[in-house]
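Going line by line, the protein sequences match chains A and B. If you use the working numbering, the first sequence corresponds to residues 1 to 461, in order. If you use the working numbering, the second sequence corresponds to residues 1 to 461, in order.
FYI, nobody ran anything at the bench for these hints, they're computed from the structure. Careful: at least some of the hints might be erroneous.
All copies of an identical chain are treated as equivalent in the list; a pair is satisfied when it fits inside any one copy or across any two copies.
[What the hints assert, rightly or not] Mimicking DMTMM-like on lysine to aspartate or glutamate, the simulated pairs with C-alpha atoms at most 20 angstroms apart in a straight line are: (1) 316 / 394; (2) 168 / 112; (3) 245 / 184.
Here's the letter readout for the chains.
There are 2 protein chains.
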Amino acid sequence: MPILENFENESSSNQLQRLNEALQGGMFVQVRMMLNELPPADVAHFLESTPPKERDILWRLINTEREGQVLQFLDDEIRNEYAAQMEPAELAAATRDLEIDDQADILGDLPDKIVKEVLASMRVQDRHRIEHALSYPEDTAGGLMNTNLVTVRPQVTIEVVMRYIRMKGDLTKTTDCIYVVDSEDRFLGSVSLCALLTSQPDQIVDDVVDHEVHPIAIDLPDADVARLFERRDLISAPVVDDQGKLVGRITIDDVVDVIMQNAGHSLMSMAGLGETDDTFAPIIASAKRRALWLGINLITVMVAVSVIGVFEETIKIVTALAILQPIVPSMGGIAGTQTLTLVIRGLSVGHISSNNFRWLMMKELGVSCINGVLWAIVVGLSVFLWFNFVQFSEYAFQLSVIIAGAMVINLIVGATAGAALPMIMRRLNIDAALSGGVVLTTVTDMVGFFSFLGLATVFFL
Amino acid sequence: MPILENFENESSSNQLQRLNEALQGGMFVQVRMMLNELPPADVAHFLESTPPKERDILWRLINTEREGQVLQFLDDEIRNEYAAQMEPAELAAATRDLEIDDQADILGDLPDKIVKEVLASMRVQDRHRIEHALSYPEDTAGGLMNTNLVTVRPQVTIEVVMRYIRMKGDLTKTTDCIYVVDSEDRFLGSVSLCALLTSQPDQIVDDVVDHEVHPIAIDLPDADVARLFERRDLISAPVVDDQGKLVGRITIDDVVDVIMQNAGHSLMSMAGLGETDDTFAPIIASAKRRALWLGINLITVMVAVSVIGVFEETIKIVTALAILQPIVPSMGGIAGTQTLTLVIRGLSVGHISSNNFRWLMMKELGVSCINGVLWAIVVGLSVFLWFNFVQFSEYAFQLSVIIAGAMVINLIVGATAGAALPMIMRRLNIDAALSGGVVLTTVTDMVGFFSFLGLATVFFL
Chain A
1 MPILENFENE SSSNQLQRLN EALQGGMFVQ VRMMLNELPP ADVAHFLEST
51 PPKERDILWR LINTEREGQV LQFLDDEIRN EYAAQMEPAE LAAATRDLEI
101 DDQADILGDL PDKIVKEVLA SMRVQDRHRI EHALSYPEDT AGGLMNTNLV
151 TVRPQVTIEV VMRYIRMKGD LTKTTDCIYV VDSEDRFLGS VSLCALLTSQ
201 PDQIVDDVVD HEVHPIAIDL PDADVARLFE RRDLISAPVV DDQGKLVGRI
251 TIDDVVDVIM QNAGHSLMSM AGLGETDDTF APIIASAKRR ALWLGINLIT
301 VMVAVSVIGV FEETIKIVTA LAILQPIVPS MGGIAGTQTL TLVIRGLSVG
351 HISSNNFRWL MMKELGVSCI NGVLWAIVVG LSVFLWFNFV QFSEYAFQLS
401 VIIAGAMVIN LIVGATAGAA LPMIMRRLNI DAALSGGVVL TTVTDMVGFF
451 SFLGLATVFF L
Chain B
1 MPILENFENE SSSNQLQRLN EALQGGMFVQ VRMMLNELPP ADVAHFLEST
51 PPKERDILWR LINTEREGQV LQFLDDEIRN EYAAQMEPAE LAAATRDLEI
101 DDQADILGDL PDKIVKEVLA SMRVQDRHRI EHALSYPEDT AGGLMNTNLV
151 TVRPQVTIEV VMRYIRMKGD LTKTTDCIYV VDSEDRFLGS VSLCALLTSQ
201 PDQIVDDVVD HEVHPIAIDL PDADVARLFE RRDLISAPVV DDQGKLVGRI
251 TIDDVVDVIM QNAGHSLMSM AGLGETDDTF APIIASAKRR ALWLGINLIT
301 VMVAVSVIGV FEETIKIVTA LAILQPIVPS MGGIAGTQTL TLVIRGLSVG
351 HISSNNFRWL MMKELGVSCI NGVLWAIVVG LSVFLWFNFV QFSEYAFQLS
401 VIIAGAMVIN LIVGATAGAA LPMIMRRLNI DAALSGGVVL TTVTDMVGFF
451 SFLGLATVFF L
């Protein structure tokens, strides 16, 4: 009984373990059997969780007729790798049963030459539909939508609609409503399958149509589509062209992928990683990708330490400065990163705009003033006690005053930069999640070193 | 015509602007009209995007009968604030028309006393259903599910089912299938509305039922529910208790909220912010929350700089060390954070387990060795040139060798710590997204200072 197997719950990791053991033990017959018992989405997940060499073995063990299904659920990078290895005719056959948008998704990332060959080996009608789907940019409503719609006119009766649907036979699994259009295909409203089922056969469509459904413009960016789905709890939405003509339909399952990608994007970008970075990418490929980020960091930290270089004479006199100098930049970096993250998140969920930015800036400044003064006192006292009783320096008192002053300055600068950077970068079309952190810490490092060592120079020289 | 208004697209921000202008101008009658024209989800979004004082004014301008709808879409923190301000009877009335799971969601976070009063002012039947829903932990399948289901037996005909549904009248908007159960309410399979519509009236349910639908256990954590929905592209799923009895149904719209929350969680946690931190929280509340994080950072950075204190004598002799000392900790921190982020993300999407962790560790070590050697050479050369031609120090050559050696050590330590920390913390049930970064940078700072200044002491003393 499927319930007792309780497969999709905690046993999923056990399945993975058993599969892994069979794979390590070289029992390929068993592995093949296990693989073909798992749902395609879980096979894809298992492939993604496996290092490259074993992954190639697994891919070859999947039954040919399931390859298209598995491809559909794979991460872009891995999917492209395997799709590009397949013969065009094979790829065309494997993807034939997928929905148009998923087929277009798979083909969209492949080299033009392969796509042409795959299209050539398709039936004419399929080819035209895919070519049409491929003509919309992947990251817009047009790229997300499906074009197999059921449309009816407002004046027909429910009974006729029901008969029409029954005759048509196959609605796709995700169909939750049919659309009402006028004689020129302009979108008028939608009728949910629920409404169809609960209305009387002799009513006409116009009696039960929902006019409150807002269609999505075909060129709306996918992130905005995702935001609309989230905000309004949508399951599906009609897509119209610039004349208001109904051209397709977006369903939540494809939007969830966009939401996941965008959500992962900020997190990964802030560490200089690509959003689809394959956890199990080969060493050289990973090293290359991350080297860039380390290189950028090296440049910025060299710039920051050059500030210290200016104060070499002061440090020579009071070595304690060398010990204390990382504290102020570090605290400024943390305070700035908190503001930066909050603003990046606020922008990405659409809470922050030019309307409320002034208010937000004032608030962040207020927060950093409070925390600046608080931690200036704490750090001042700690430093005084430390250099009076443990490390010993005749300058214990001066050092504590200097570091407290620098702390207040740098926390305020950190908050200002953290709030302003994402807004400025957005104007310049730069991804703040990707480069905001580096620019911010460069600022807080430089200001941190400069304010601390600068104040010290004023005091001691 | 609703299409030409094109309301949900880019005009959404214009709407916000117009609303804001009306609000600033004190034109409350217009604001009220605008607010009541917007969908409740957009009103909630607008409230979330508004500073506290103006937000209170807006809340009072919303028509009473729409308050429940708006509450449903608000972030937890703001929702609790307004729900707690309402009279119990008022709150009961406002939420009456919501789905059971959404009602339970709103009530679940309120103080027990208020919940009791609200429940007391409800009709008996409603009260029992809500009490039932509240009895499941909010962060499990039980807390996400709805209990208003349509169930049928396998032997009835489609015609009877259709008549039954028509008689019942109101299916909820998100109903996409009906469930088939045996005489003891055990889940047998589901029939999609599509299948109902396209099958012949004289067929029986058993002919069209889909047995491939796997039910979800009622105590499955919500993050796992979300992962299942994502992975399998589900729109809805049945929920069963430990005897396999059908008890409810989870729909994608509630799961999207979980996905969003979990996705935001890692990003916000890594900066020491709560996932639901209100962007427009009052200054004092924000300052308090973030002070903790700054305090923790202060302790760790003090620990790290105490390492520098050990080498005070060496720095006294070669002041150039004070200038260069931030470079190695900074690079180690970046390399470690990259690995840490990758592993946290891999764990959260379920790609990493004990099966493949060894492989991943080896890969990360490989990556850090390559980048360690590469950047050691670059930084060694840069330092040599700098201290030979610009800053001047008789130790230019030694400094470049020391910093190169320390760089290799710290990048390897960073990668090891970045990979191991999330796994160790997971064992100890600590949230790696929250505290992994602090622990990591404490490690890379200490090892960075120690390896650089330690090597220098060996060379120079």
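So, going through the hints one by one against the coordinates:
1. For the identical chains of this complex, residue 316 and residue 394 are neighbours both inside a copy (15 angstroms) and across copies (15 angstroms), given an alpha-carbon limit of 20 angstroms.
2. Taking the shortest Cα distances, residue 168 and residue 112 never come within 20 angstroms of each other, neither inside one copy (35 angstroms) nor across copies (54 angstroms).
3. Taking identical chains as interchangeable, the C-alpha atoms of residue 245 and residue 184 lie at most 20 angstroms apart only when both belong to the same chain, with a minimum of 7 angstroms there against 50 angstroms between chains.
Checked against the numbered hints given earlier, this structure breaks only hint 2.
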